[in-house]
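Please put together the full structure from these sequences, using the hints given.
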Amino acid sequence: MLDSFQEAHAQARGCAAHLRLAIHRQTWRGQIGNWAGAGTGSSIDFQDHRPYLPGDDPRHIDWQAYARSGQTILKLYREEVSPSVDLLFDASESMRFPDEKALQVLSLLLFCVESAQSLGVSLRVHGLTPEKAELWELPQLLSGRISWPEQEAREEGSRIPQLEGLPLRHGSLRILISDLLFPAAEQSLLRKLGEGQGRVMFLVPWHPDEADPDWKGNMELRDRERGVWRRQRVDEGILRRYKEAYAAHENSWRDAARRYGAAFARVRAGQPLADALREEALRLGVLEAWA
Amino acid sequence: MGLNFANPLALWALLGIPTVILIHFLQVRSRRAEANTLFLLEFLAEETRKGAMFQRIRNGMQLWMQLLAVLLITLILSRPMWVRKDSRQPVGIVVDASFSMSAFSEGLEQELDRLWPRLKTLASGRDWWIRSSALEDPLIYRGDSDAEARQALLDFRPQHAAQDPRDALLQMREQMGPESLILYLSDHDGAPPPARAQRISIGRPLENAGFSGIRFEQEGDQWVALLSLLWRGEGAAQRGLRLLNASGEELLQLQAQWSAPGLEQLKIALPPDLELGLFELEGDALAADNQLPFVVPRLKTLEYRIHLEGPEKEFAEKLMASLPETEASLDAALSLGPGGAQQILFASSDGEEAEFAAVLAEAHPFTEELPWQGFLARPLQGRQALGSEDVLLWMGERPLLLLDDRLGAEVLSTNFIWEQSNAERWPSMILLLHRFLEDLRKQAPGLEQLNLECRQVVNPPNRVEGELQLWQRSPGEAEWQSSLLPPGLLRSGALPGWLELRDDSGARLRVASAFLDLREGDLREAASRSLSQELLRDEQERFSEQDVLRPLWFLLLALCLGLAWWSGGARA
Numbered sequence: 001m002l003d004s005f006q007e008a009h010a011q012a013r014g015c016a017a018h019l020r021l022a023i024h025r026q027t028w029r030g031q032i033g034n035w036a037g038a039g040t041g042s043s044i045d046f047q048d049h050r051p052y053l054p055g056d057d058p059r060h061i062d063w064q065a066y067a068r069s070g071q072t073i074l075k076l077y078r079e080e081v082s083p084s085v086d087l088l089f090d091a092s093e094s095m096r097f098p099d100e101k102a103l104q105v106l107s108l109l110l111f112c113v114e115s116a117q118s119l120g121v122s123l124r125v126h127g128l129t130p131e132k133a134e135l136w137e138l139p140q141l142l143s144g145r146i147s148w149p150e151q152e153a154r155e156e157g158s159r160i161p162q163l164e165g166l167p168l169r170h171g172s173l174r175i176l177i178s179d180l181l182f183p184a185a186e187q188s189l190l191r192k193l194g195e196g197q198g199r200v201m202f203l204v205p206w207h208p209d210e211a212d213p214d215w216k217g218n219m220e221l222r223d224r225e226r227g228v229w230r231r232q233r234v235d236e237g238i239l240r241r242y243k244e245a246y247a248a249h250e251n252s253w254r255d256a257a258r259r260y261g262a263a264f265a266r267v268r269a270g271q272p273l274a275d276a277l278r279e280e281a282l283r284l285g286v287l288e289a290w291a
Numbered sequence: 001m002g003l004n005f006a007n008p009l010a011l012w013a014l015l016g017i018p019t020v021i022l023i024h025f026l027q028v029r030s031r032r033a034e035a036n037t038l039f040l041l042e043f044l045a046e047e048t049r050k051g052a053m054f055q056r057i058r059n060g061m062q063l064w065m066q067l068l069a070v071l072l073i074t075l076i077l078s079r080p081m082w083v084r085k086d087s088r089q090p091v092g093i094v095v096d097a098s099f100s101m102s103a104f105s106e107g108l109e110q111e112l113d114r115l116w117p118r119l120k121t122l123a124s125g126r127d128w129w130i131r132s133s134a135l136e137d138p139l140i141y142r143g144d145s146d147a148e149a150r151q152a153l154l155d156f157r158p159q160h161a162a163q164d165p166r167d168a169l170l171q172m173r174e175q176m177g178p179e180s181l182i183l184y185l186s187d188h189d190g191a192p193p194p195a196r197a198q199r200i201s202i203g204r205p206l207e208n209a210g211f212s213g214i215r216f217e218q219e220g221d222q223w224v225a226l227l228s229l230l231w232r233g234e235g236a237a238q239r240g241l242r243l244l245n246a247s248g249e250e251l252l253q254l255q256a257q258w259s260a261p262g263l264e265q266l267k268i269a270l271p272p273d274l275e276l277g278l279f280e281l282e283g284d285a286l287a288a289d290n291q292l293p294f295v296v297p298r299l300k301t302l303e304y305r306i307h308l309e310g311p312e313k314e315f316a317e318k319l320m321a322s323l324p325e326t327e328a329s330l331d332a333a334l335s336l337g338p339g340g341a342q343q344i345l346f347a348s349s350d351g352e353e354a355e356f357a358a359v360l361a362e363a364h365p366f367t368e369e370l371p372w373q374g375f376l377a378r379p380l381q382g383r384q385a386l387g388s389e390d391v392l393l394w395m396g397e398r399p400l401l402l403l404d405d406r407l408g409a410e411v412l413s414t415n416f417i418w419e420q421s422n423a424e425r426w427p428s429m430i431l432l433l434h435r436f437l438e439d440l441r442k443q444a445p446g447l448e449q450l451n452l453e454c455r456q457v458v459n460p461p462n463r464v465e466g467e468l469q470l471w472q473r474s475p476g477e478a479e480w481q482s483s484l485l486p487p488g489l490l491r492s493g494a495l496p497g498w499l500e501l502r503d504d505s506g507a508r509l510r511v512a513s514a515f516l517d518l519r520e521g522d523l524r525e526a527a528s529r530s531l532s533q534e535l536l537r538d539e540q541e542r543f544s545e546q547d548v549l550r551p552l553w554f555l556l557l558a559l560c561l562g563l564a565w566w567s568g569g570a571r572a
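Sequences listed follow chains B and G, in order.
For the first sequence, the working numbering assigns the number 291 to the last residue and increments by one with no breaks.
For the second sequence, the working numbering assigns the number 572 to the last residue and increments by one with no breaks.
Incorrect hints may appear among the rest.
Unchecked claim - For the chain G half of the interface with chain B, some residues (derived, Cβ under 8 Å), not all of them:
id : residue
1  : R29
2  : S30
3  : R31
4  : R32
5  : A33
6  : A35
7  : N36
8  : L41
To be verified - Computed Cβ-Cβ distance ranges for the label pairs, DEER-style:
id : chain 1 : residue 1 : chain 2 : residue 2 : range
9  : G       : A33       : B       : P272      : 22 to 30 Å
10 : G       : S30       : B       : G285      : 43 to 51 Å
11 : G       : Q110      : B       : E220      : 49 to 57 Å
12 : G       : G2        : B       : G237      : 45 to 53 Å
13 : B       : R241      : G       : S30       : 18 to 26 Å
14 : G       : G562      : B       : R258      : 49 to 57 Å
Hints are computed from structural coordinates only; laboratory data are not their basis.
For every residue, glycine included, the Cβ atom is placed at its ideal position computed from N, Cα and C.
Okay, structure coming up:
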């Protein structure tokens with residue numbers, strides 16, 4: 001992890017004290033827990049009536065209704081489940097450049113972990129690179145002992161985070177923390193993330209320099225992920241076209257997320273995490289304020 | 001019309017072009033940065049990825065305007081001119097005809113290679129007039145062909161001692177007019193030549209060794225040559241020295257050595273029976289003083305008798321003893337005093353002397369260039385010139401000295417009392433008597449051999465049998481070559497060699513001519529100098545038309561500078 005782990009963790013905990021993942025707005029399936037499930041269960045929350053059918057638990061017969069109507073009506077209660085959250089962290093090189101972005105990315109990851117834990121959900125964190133996906137242990141993650149290895153630049157090969165073989169749990173919430181800075185692969189990625197009745201949430205860190213770079217004149221630009229140098233003359237026209245391409249790339253992901261019913265929120269780097277989360281994630285209901 | 005530049009140095013301003021380009025290259029140097037989003041630039045790949053720097057230059061209006069401004073500034077400063085089609089430039093060249101020029105034939109060719117193309121750009125054509133600095137030399141070239149003029153200069157062989165070009169230059173200026181370009185081609189630098197001529201020097205400092213003189217002595221029956229050799233260079237030197245006969249066969253080989261620059265003398269015994277010979281020094285740039293032709297000196301004996309008494313007799317004996325190869329003989333044709341066919345007669349001391357008056361010399365070879373003011377002698381009264389006599393000296397209206405030069409009877413008569421005059425102590429009188437006696441010696445039969453310098457006047461024998469013929473011989477030639485006897489003064493050869501005068505009785509006079517000019521052999525002060533650029537520019541302007549578009553260039557320059565400023569400002 002970065003040297004600034006402590007700083008990131010402090011920011012994450014500070015945010016988690018006021019903000020949390022908006023899990024309660026959805027219905028969940030899963031193991032018995034503290035959250036209202038999609039089906040009937042044994043909680044004390046009344047849900048519905050229905051006629052008694054043989055095999056039903058006679059303890060749930062609404063005897064008062066029976067006294068009024070002579071019908072054996074069964075009283076149904078809301079199921080209480082414990083939601084599963086699969087937190088997918090894009091550990092590619094672009095997530096750690098510049099340093100401001102790296103700090104914000106780490107803060108965001110820790111915030112999600114802290115928030116999920118405070119919500120009592122079943123959380124798994126997966127570190128993703130274009131080559132592999134690996135499960136990160138929470139204690140190690142929270143103690144800063146998970147390494148975020150620097151990757152060797154590769155001129156060839158896919159830049160998309162590796163999701164193949166990723167053990168996503170059925171019906172879990174899949175939160176992908178990624179800058180999505182790889183050639184458009186929205187469809188396949190969303191399809192993969194949505195498998196097994198999963199719900200998808202994108203938390204997209206970004207840095208203002210990516211949206212509006214200070215390139216001008218003759219530039220030699222190094223691709224962080226591929227390590228290759230590119231000589232590029234940048235004038236007003238080219239810069240404008242770049243910005244258009246950047247905006248189109250973002251909109252493409254937003255549209256795809258909307259079509260697949262995935263939540264999507266960008267998190268700006270270079271400012272306190274709380275401010276960055278309020279700017280879009282809170283406004284769009286991806287997070288909610290509490291306490 | 002040919003294009004010229006009045007100020008070609010301004011063409012250096014073209015260096016501004018690479019400078020401007022370099023500045024732009026530095027300005028467009030790439031800046032390095034890292035980025036996460038380069039995949040978003042993939043669409044630009046073929047359009048701008050390569051050659052970004054050149055693309056910027058190509059598209060940079062400011063750059064193009066600056067380059068154009070540099071070109072215009074160069075154009076304005078260099079002041080282009082167009083040579084008029086009908087322009088003809090008169091060019092006169094006076095070539096230094098002194099021997100030393102022959103040492104720099106290579107320098108001449110190099111200078112002509114530089115000068116000719118430059119002259120060709122001054123005007124459409126040239127009228128050449130090339131002559132030697134020696135007025136007696138024929139014209140070297142006159143015409144309008146550049147190539148022929150150049151070749152004529154290369155073919156010219158200087159054959160004179162040190163020359164003063166003044167007369168030749170003044171003559172050239174007078175002939176060609178005040179507007180012509182007159183050049184003086186020399187091998188030394190110095191004061192500006194007269195007649196508004198321009199000096200071109202083709203020399204360079206050189207070391208030179210050469211002969212500076214020869215003298216002969218007779219030791220017993222053997223002739224000994226006393227050679228003077230001069231080394232003009234640095235430190236000690238050594239040269240091979242050979243003695244050859246006239247046909248070029250080597251007779252002797254030795255070394256000439258100098259411990260320091262200066263003169264060395266060598267004493268060389270000549271082989272018996274050698275009449276014509278040649279000393280030859282190992283070669284250097286100046287070939288003329290490396291050969292010394294000589295003849296073993298041979299004077300005809302002048303026989304005389306004296307029929308005088310008293311002081312005149314005493315003087316006559318001293319006079320004849322001072323001359324080489326004289327012999328008293330009772331039957332000699334020459335008599336000092338009355339008697340012979342050839343006489344020197346002294347006036348009687350008992351005559352009546354007239355008063356002093358101014359002495360006046362008549363023009364005669366015997367009196368040539370001799371001063372007489374201070375000659376103290378009073379003419380005797382009553383003596384008049386006879387019909388066959390010429391008066392050599394007058395005092396007032398009375399003759400002092402008379403010459404009767406009838407064929408075979410030459411008589412020199414004085415008309416003053418010898419004893420009472422200062423004639424015996426007056427050098428002009430002694431010289432005159434020497435000239436008279438030498439003249440008589442020439443008339444004597446037999447062969448005379450002399451060693452002279454090149455181009456020295458040769459006095460042919462006065463009385464010859466039949467027609468006098470001239471024969472010449474150069475070192476290495478086996479035979480004498482017949483030549484035409486030139487009209488006027490006869491001079492020894494311009495180049496080292498021999499000449500011989502013959503009449504029906506045989507050889508009468510044999511002369512060896514050698515180059516012994518001490519000034520010409522010193523090449524240490526030789527220098528080079530080209531035609532000044534200022535002069536060429538002035539000449540160029542005379543035959544050229546100014547650029548009429550000059551105001552337009554200024555206007556364009558202002559426009560370029562304005563656009564460069566505007567485009568630079570717009571970009572900023």
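Consistency of the hints with the structure:
1. R29: Interface hint status for G:R29: holds (7 Å vs cutoff 8 Å).
2. S30: Since chain B brings a Cβ to about 4 Å from G:S30, closer than 8 Å, the hint holds.
3. R31: Constraint on G:R31 satisfied, holds at 6 Å.
4. R32: 5 Å, holds
5. A33: At about 6 Å, which falls below the 8 Å cut-off, the nearest Cβ of chain B leaves the hint on G:A33 intact, so it holds.
6. A35: 5 Å, holds
7. N36: 4 Å, holds
8. L41: 6 Å, holds
9. G:A33 / B:P272: 22 to 30 Å: This hint holds: roughly 26 Å between Cβ atoms.
10. G:S30 / B:G285: 43 to 51 Å: Given about 46 Å between the Cβ atoms, the range holds.
11. G:Q110 / B:E220: 49 to 57 Å: 54 Å, holds
12. G:G2 / B:G237: 45 to 53 Å: 50 Å, holds
13. B:R241 / G:S30: 18 to 26 Å: Once the Cβ atoms are compared, 20 Å apart, the range 18 to 26 Å for G:S30 and B:R241 holds.
14. G:G562 / B:R258: 49 to 57 Å: For G:G562 and B:R258 the Cβ distance comes to about 56 Å; the hint holds.
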